Amino acid sequence: MSHPDSPLVKAVLANAPGAFERLVREHQALCWHIIYRMVRHPEDARELCQETFLLVHRRLRQFRHESALKSWIGRIAYTVALRHMERKRIALFDPGQDEDASSPIDKLSDGFDLETAYADSEIAARLHQVIETLPPLQRTLLTLYHLDELSIDEIAVITGLASGTIKSHLFRTRLRLREQLEVFYGVAP
Amino acid sequence: MTHETPGDNPVEREWMLQEQAAKAERLGLDAHDEAKLQSYRAVVRVLRQPLDRDLPLDFASQVAREVRRQAADDMRLELYLSWVLLSVLVLALLGLVARYSGLVLSWFSNPWLMALAACFALPVLLGKLPGFHRRPG
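Protein sequence lines, in the order shown, are assigned to chains A and B.
Residues in the first sequence are numbered from 1 upward in steps of one, following full-length UniProt numbering.
Residues in the second sequence are numbered from 1 upward in steps of one, following full-length UniProt numbering.
Calculated from the structure, these hints are not laboratory results.
Check before you lean on any hint, since a few could be wrong.
[Said to hold, decoys possible] In silico contact screen, one side only, chain B against chain A (beta carbon under 7 Å); selected entries: (1) M16; (2) Q18; (3) Y40; (4) V44; (5) R53; (6) S61; (7) L81.
[Unchecked claim] Partial selection, computed: residues in chain B whose CB lies under 7 Å from chain A: (8) W15; (9) L17; (10) F59; (11) V97; (12) L105; (13) S109; (14) P111.
This one's a predicted model, so the numbers in the text were calculated from it and none came from an experiment.
Just so you know, even glycine gets a beta-carbon here, dropped at the ideal spot from N, CA and C.
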C-alpha cells in the first residue's frame, strides 16, 4: 500500500507505543476546528473531541483508505458534533438567511482602504464577532476552507454536502462579511 | 460557481474575486490590489486567524491514556468471563463424574485402560518438570 497514511494506521492497529498519541496530535487541530466551530462551548467541544478520537481508535480497522485519513477523522468529528447539536436542538443553519443574499453585491462599494483596515485591530475584532453570530455550518465551512486550507472536495467528504452547496455557503457568507466590513468603515453604498 | 463565462455573470465575478483574495492571502502576496479585492483580503485575513480557544497541550496524551484504560477494562472483563466459563465447565465435569460414577470406577479398575492413560499422561507430566527438555539434534 502506498498511501501516505498507511504506516501510521498500521502502527496504531499494531498497538505500537506512542502511535495513537501521534495520530491524535496530527489531527486534533482539524477535529477541534470542526467541533468548536459547530458547538462553540469549549468544555463540550473538548469532550466531543475526546469522544471522536475514542471512536477513531475503535473504528480504525474499518478505514479503507478510500479518502485521506484526515477527511475520515473529520467526517467522524462532524458527525459527533452534529449528533450533539441534534440532542441540544441547535439549528445547523438559518434557512431564511440566504434569501436576500444575492443583493449585497449591488450594495457594496469600491471605496475601501486596506491600510486603514489592517491598522485597525478593532475591525478584526468586530468581524470575529460577526463570524460568531453566523450559523454553525457557515462558520465551520469558512474555517475549514480558510484556516485549515481544505479543498471543496475534502470539505464535501467531511460534511457530506454537495460541492455546489459548499461553494454557495462560502460565497454568501464571505459576501456578507465583506458587507459588514464596509459597514464598520461607514462606506456609503 | 456556474459554467458561464466569468465576465458575463456578476456572481461569478464576485466568486472569482473572493478566490483571488483567498489565494493572495494564502501565498502572502503584496497588497497592491483594487479596493474590492482588498476588502475581501481583509475578510480572508480574519478568517485565517487561529480560534480564540484551543485544546489543552496534553490532549493527545490524555486521549491515549483513556484508550489504554478502556482497553485494560475490556481485558479485565474478558478475563473475568473466561474464569466464569472455566468454572461452569469444571462444575459440569464434576456433575458428569458424579452422575456416571459407576462407569468411571469400572474404567479405573481396568488395568489396560489405566496403562493407556499413563502412556498419555507421563510424557506430558515429564515435559512440565524443570530441566527436563529434549536436547536439539
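Quick rundown of the hints versus the structure:
no. : hint : in the structure
1   : M16  : violated, 11 Å
2   : Q18  : holds, 5 Å
3   : Y40  : holds, 6 Å
4   : V44  : holds, 6 Å
5   : R53  : holds, 5 Å
6   : S61  : holds, 6 Å
7   : L81  : violated, 20 Å
8   : W15  : holds, 5 Å
9   : L17  : violated, 9 Å
10  : F59  : holds, 6 Å
11  : V97  : violated, 42 Å
12  : L105 : violated, 51 Å
13  : S109 : violated, 54 Å
14  : P111 : violated, 53 Å
Violated hints for the displayed structure, listed by number in ascending order: 1, 7, 9, 11, 12, 13, 14.
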